[in-house]
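Engineer: The chain contents come next:
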Amino acid sequence: MSTVWNAILSPGMFSESFMINTWISGTIVAVISGIIGFFVVLRGSAFVAHALPKGGFAGAAGAALLGVNTVIGLALFSVGGALSIGWLSRRGRHDVVTALILTFLLGTGDLFLNLHDVYAPEIYSLLFGEVLGVSGVEIVDTAVLGILCVAALVILYRPLMLASVMSEGAEARGIRVRQIEMCFLVIVGLATAITVPIVGALLTFSLMIAPAAAASYVTHHPMRAVGMSVAIAVVTVWISILVSYDTGLPVGFFVAAIATAAYGLARGWRNLRSRGRLSARDRQKLSEQTS
Amino acid sequence: MMEITQRGSHGDVLTLKDVHVQFHNRLVLQHIEFAIQPGEFVGLIGPNGAGKTTLLKVILGLLTPNRGSVTVDGLPVKHGNPLVGYVPQKIHLEPDTPLRARDLVALGLDGHRWGIPLPSRSRREKVDEVLRAVDALDFADAPVGRLSGGEQQRLLIAQALLTQPKLLLLDEPLSNLDIRSAHEVVRLVSSIAQNQGIAVLLVAHDMNPLLGVMDKIVYLAAGNAAIGTVDEVVQNEVLSRLYGYDVEVIRVRGRILVVGGNNEVSTDLLQPTQHLDSMGGATD
Amino acid sequence: MKKLLHVLFAPGFFTNASVGHAVLVGAVVAIISGVVGVFVVIRGQSYLGHALGDFGATGASATFLFGLATLWGFLGAGVISGAGSDVLGHGHRRRGRDVTTGVIHALVMGIGALLLYFDTTMTNVTGAPETILFGSIFVFDPSLVPVVVVLGVLTLLFLLILYRPLLLSSLDADLAKARGIPVRWVSFFFMCCMAMAVAQSSLVIGALLSTALLIGPAATAVRLTKRTSLAMVWSATIGIAATWLGILLAYDSYDWPPVGRGWPVSFFVTSLILLFYLVSRFRLRHPLTVARETQTESRRKEAIRHEYSVERHS
Ligand SMILES: Nc1ncnc2c1ncn2[C@@H]1O[C@H](COP(=O)(O)OP(=O)(O)O)[C@@H](O)[C@H]1O
Ligand SMILES: [Mg+2]
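Protein chains in written order, with my numbering: chain R, 132 to 422; chain F, 6 to 289; chain L, -5 to 308.
If we strip away everything but chain R, and leave its shape as in the complex, we get (with noise of 0.2 Å):
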């Protein structure tokens, strides 16, 4: 039995330092994309959740040419991205212009790297995520942000809620629609400057959509939904981790399949139920129209 134990949870796991750096940050992360994806996920803002880790990367090539910190790169590309996409969408739509942003980071992004010869795997990493390599002072700063974008989220919850279900009727509240939309995409661009220097683009994404999308296939409770969310996010990363350190393959893999399967056994599982029975007002409906 032991023997088995030790085979998936391979000694070092918990004790070696750059470990337990890995499971705090992926732990990190994990919070605040679950928290930040019930948002992403209301709104429909998938594109946008894709872009911004993505355009940031660019962000990152650049300040790898200038030699200064990527997080730096990685913040004002995201946020800068986030930024424009709010100022040039019209009624809460905005794929085109997400795609139009995105594009022109990337290309941005080619130039940078086209001046300057950034080392092959140092792309792949801030693509894909290399979990394995932080270090204890990056906990600390990737904390204290993602304290600060939860925070944010926490206040604007319920204009920001009003503002996606029923924009016209927020605005006929008092809310400025607008301004709300803005702050959400520069939090998700935020957010994305703290957790893509830890986990990749790829993972960022990955954990900003399907956790948030099985958690409303499983509750229709808004706070129960923001919980079901993170703790789909937080499981996720975990067994990724377990699977990632055991077996050597990329995380980003371990966590985009793991996190797919989970949105697949919600939705089956929605499927079955609203298959399966009717509910209690269905069934009065049904016989008040054969009466």
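The hints are simulated quantities; they were obtained by calculation from the structure and are not laboratory data.
No false leads were mixed into what you were given.
One-sided and incomplete, this derived list gives chain L residues near chain R with beta-carbon spacing under 7 Å:
(1) 96
(2) 101
(3) 202
(4) 213
(5) 257
(6) 261
Note that the structure is predicted; figures quoted are calculated from it, not measured.
Just so it is clear, CB atoms sit at the ideal spot from N, CA and C, and this is done for glycine as well.
Starting from the structure of chain R, add chains F and L with the ligands where the hints point.
Structural biologist: Just chains F and L with the ligands now, with coordinates in the frame of chain R:
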């Protein structure tokens, strides 16, 4: 503006005086002048593009008119006034949006406040009360995205009632509903107006579903408006003056159709200029 | 005069073979992407249009591994994952569709990460992520030209057949259903068109420019005209202009600092496309356009519904 009925201005919930709205040199509303009293059910009727939504925006304080004044309950309009309840046309939600009917309605109470909502008895009671008023307690805990259009419309009305408004504005609440649900919504709104003394301004491009319940009609066409009872306003001569060309009012089997030239202008007003091979302003 | 010409067109621009190829292929890609892109923009499927490039990239990584022709990787992965998004997104509105696309996108990119990992550890392909992400119009395999042209013609033919049902189901799915148009199949076949267009463009100019040429020119064109067919012409023209100017600037940039390195075409093309779009957004704001812009969606649909029925009756 044609003064068909003269009413005193004391105790009016809403008064508009000589309102003009202009967008880029284009006059969209001109010389709009009318008043609504407590508990009155007023239909704001007009073809598409007549400026109905624009007028609502003016009343909500979202748009400042280029000329004229608007007062709600005797005071100048202000953005986010709790005395004005607003019911948007429709919400577009995915079937699995994690939001129950009661969460949507509760947003009407404190959706503009910062922070996450804390559960409280009085909050729940207030929400239950308006849910009861629109007969929505049955589906209070159902996911909003899975409700029918009529049920969602009732929730939107409930949401607008939470701030205890004196004036309820509804922008085309009937246009996405089948005849039966539309009828239910009209009945509900009219009973709210009667029982709670709330004045209602309901926008529609077709006046027929409202014929039995409207106290007054504001007819808007080509930026001009006329107010009065249906019989006073819906007349060949009055409407022709509004439109600026000859239109004819036809009454058949209790329905009213307004036709002008060769095309019908009231029941379903269409822009005759576009070809199928035109994409209506694709989007971003 | 000659000096000026030299500044505009660095010496050798017109005689350089790879420039000639790039100009030709760039035009073909710009036309196809531009035409397909108009529908992508009208239907609000920009995200899927972009994701298809990444789907294709994962397919390409797979073919690296198995030594197949990259084209099949691009096409196969594009169509399969695109179909997945299409099926899962069915019955959802725009918001929900983008979320399901996002879920599939993340999964496919995750698989791509795994494949790339194998590519770099098992074979000696380095810089694979860069090639797939950015690509370059100057360094593609000339033997691909016929493939690209054939694929492009097929895509356009396909789109021509779909044109009317697709237009109607894009504008008003309910009306299209009522007219007996198989909306789901139309949507699926259009997705295949998109996958083909994206595959051929990613193949020769990289996933990045593929998205840029698919969305940007079309988004600009639909602001210039309300007629779909005219928008396609505009879109293709803008795409060609951006590509050619981009190639010219990239060629000239060999003389710019740092000398001899050259700035990438993708940078110029994406910047030009964004610039064109911004100009269309902010310069064309005369009252008429503004008034037209603010027309509500339902009103537009009503107009089209009306026109359609009139046309049928007459
Ligand atoms: N922000 C705006 N800028 C320019 N024109 C506008 C704006 N809003 C509305 N319009 C124009 O004003 C007219 C009235 O619009 P609207 O009030 O929405 O009509 P209705 O609600 O009666 O259909 C329309 O012609 C519309 O194009
Ligand atoms: Mg309107």
